[in-house]
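K.L.:
Chains as they are written, first to last, in numbering that gives the first Met the number 0: chain A, 0 to 267; chain B, 0 to 180.
Hints were generated in silico from the structure; no laboratory data involved. Glycine included, every Cβ here is placed at the ideal spot set by N, Cα and C. Check the hints yourself; a few may be wrong.
[Claimed, not checked] Computed spacing ranges between beta-carbons, pair by pair:
no., chain 1, residue 1, chain 2, residue 2, range
1, A, D32, B, D73, 18 to 26 angstroms
2, A, A98, B, G74, 37 to 45 angstroms
3, B, L19, A, A80, 55 to 63 angstroms
4, B, F130, A, Q77, 24 to 32 angstroms
5, B, G74, A, D32, 15 to 23 angstroms
6, A, D87, B, G74, 39 to 47 angstroms
7, B, F130, A, F202, 21 to 29 angstroms
8, B, F130, A, T84, 34 to 42 angstroms
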Amino acid sequence: MSKLNMILLGVAVLIGLVLVSLPVETVRSWQTDFLNIFSPVVETTSTVGRQITAVNQGLKTLDELERENRELSSQNKQLRAINQTLRDLEAENNRLRAAVGYRERSVFDLVPARVLTRDASTWWHSVKINRGFEDGVDGDMPVLTDVGLVGKVTTAARSMSIVLLVTDETCRVAAKVEGSREQGIVSGQRVAANAPPELVLNFLSRNADLKPGTKVYTAGVSGAVFPAGIFIGTVKEFRVRDLDGQAVLQPAVDFSTLEDVFVVRGSR
Amino acid sequence: MTAFFPPFFVAASLVAALVLQDFLPPVALLEGARTQLVPIVFCYGALAFPFAGMLGLAVAAGFLSDLSMLHLVDGRVEIPLGWSILFYVLSGAVLQGFQPLFLRGRWEIHSFGSGICTVLLLLSQYVMISFRRESLHLDAAVGWHILGPGMLAVLFAPFFYLFMRLVTPPRPVPRPRRFTP
Numbered sequence: 000m001s002k003l004n005m006i007l008l009g010v011a012v013l014i015g016l017v018l019v020s021l022p023v024e025t026v027r028s029w030q031t032d033f034l035n036i037f038s039p040v041v042e043t044t045s046t047v048g049r050q051i052t053a054v055n056q057g058l059k060t061l062d063e064l065e066r067e068n069r070e071l072s073s074q075n076k077q078l079r080a081i082n083q084t085l086r087d088l089e090a091e092n093n094r095l096r097a098a099v100g101y102r103e104r105s106v107f108d109l110v111p112a113r114v115l116t117r118d119a120s121t122w123w124h125s126v127k128i129n130r131g132f133e134d135g136v137d138g139d140m141p142v143l144t145d146v147g148l149v150g151k152v153t154t155a156a157r158s159m160s161i162v163l164l165v166t167d168e169t170c171r172v173a174a175k176v177e178g179s180r181e182q183g184i185v186s187g188q189r190v191a192a193n194a195p196p197e198l199v200l201n202f203l204s205r206n207a208d209l210k211p212g213t214k215v216y217t218a219g220v221s222g223a224v225f226p227a228g229i230f231i232g233t234v235k236e237f238r239v240r241d242l243d244g245q246a247v248l249q250p251a252v253d254f255s256t257l258e259d260v261f262v263v264r265g266s267r
Numbered sequence: 000m001t002a003f004f005p006p007f008f009v010a011a012s013l014v015a016a017l018v019l020q021d022f023l024p025p026v027a028l029l030e031g032a033r034t035q036l037v038p039i040v041f042c043y044g045a046l047a048f049p050f051a052g053m054l055g056l057a058v059a060a061g062f063l064s065d066l067s068m069l070h071l072v073d074g075r076v077e078i079p080l081g082w083s084i085l086f087y088v089l090s091g092a093v094l095q096g097f098q099p100l101f102l103r104g105r106w107e108i109h110s111f112g113s114g115i116c117t118v119l120l121l122l123s124q125y126v127m128i129s130f131r132r133e134s135l136h137l138d139a140a141v142g143w144h145i146l147g148p149g150m151l152a153v154l155f156a157p158f159f160y161l162f163m164r165l166v167t168p169p170r171p172v173p174r175p176r177r178f179t180p
């Protein structure tokens, strides 16, 4: 190897070592810049992909479209009616809570978002969404669908954010079990052997004896990222371990078909 | 003999690979293994470029792929930015040893190089996150998640080689002059 190549090799290794030792905040801001630069490319590729899929799947006859339109209109009316009833109930509930000195229960302020891509990484479970700090999205904001919990925002760029899915081992959620006083911590698995991925609920009492089908919700402990009452999943299996009980959960959300999500920006 | 591979196409392919690999679905047959395109592009450049070009590509590929896959949770980075640069520099230096064979048209060097590079990259990442999370799980699923992308890289690499041969047709290399005392 020539002397010049040795020097270049040393420079390349030095660049690597300097980057390894950078503080987290610098790395975060670089990642934000990277997402800002790449977001138009990612969004365009995602849109093209969607349109190709839509052409493949969307060739329906006029009869089918008319039937679908009728069904959706009827469903829309039904949901509007239910929504109105729930609003009345919410107002009544808040009046009663105020009467007995409880704090008013608030509803979430949601930002609708579309999943652009799934992370190609083997070891982490995350997706990129088409909303960023321009839309009021910030780090540590919970993300959900109409069905249940999806995860939380880890990095927010101008018009794109990274969402860490609840199926990731590093995404931990304080959870409570429906119909009992049991509480624990839900997390994903490092490597899921089976699809769809499962969640585990740890630190339950050994005699919890949860039955399959029992629902698990976010506990909303103080200072936590996730508000209380978001559906996480249902119990599939309960195991007794040496020191605690562990439940295996089926996530409420189907992550393989995840397309539209909501970021919880706060409460109204 | 092939010798001239314009770096522009490799650099453009690197950026395209970085974006496209996020859109490829996991392969159910290989226990949900994901396709990694960046090591395929890097291995091609490492075999085709001179040493200085390989180093430049290693820095670019490592920096961009680390930024795109950076896992930041609770103010902590699991695999630091720059780690992939060190990995690509090391594996590129090894691949340079096979360059004479590759330039003689042995495409399978690129194919197997991409597979081995992908497997070693994922293995090193897994060891690192296991240290960070203070627990090591080893089972068949982990094996598939490391070997699966390697197998996919071996399968995809010849297509990339073919693509590069189409966009940058090989040029004849002048034969080295014989040394006559």
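K.L.:
Each hint should be assessed against the structure and marked as holding or not.
P.N.:
Here is what the structure says about each hint:
At about 22 angstroms, the CB distance of D32 of chain A to D73 of chain B agrees with the hint of 18 to 26 angstroms. At about 43 angstroms, the beta-carbon gap between A98 of chain A and G74 of chain B stays in the expected band of 37 to 45 angstroms. In this structure the hint that L19 of chain B and A80 of chain A lie 55 to 63 angstroms apart at CB is violated, the actual value being about 46 angstroms. The supplied range of 24 to 32 angstroms is broken by F130 of chain B and Q77 of chain A, whose beta-carbon atoms lie about 54 angstroms from each other.
In this structure the hint that G74 of chain B and D32 of chain A lie 15 to 23 angstroms apart at CB holds, the actual value being about 19 angstroms. At about 43 angstroms, the CB distance of D87 of chain A to G74 of chain B agrees with the hint of 39 to 47 angstroms. Distance hint check: the CB atoms of F130 of chain B and F202 of chain A are about 24 angstroms apart, consistent with the given range 21 to 29 angstroms. Taken as a hint, the range 34 to 42 angstroms is violated for the pair F130 of chain B and T84 of chain A, whose Cβ atoms sit roughly 54 angstroms apart.
Of the numbered hints listed earlier, those contradicted by the structure are 3, 4 and 8.
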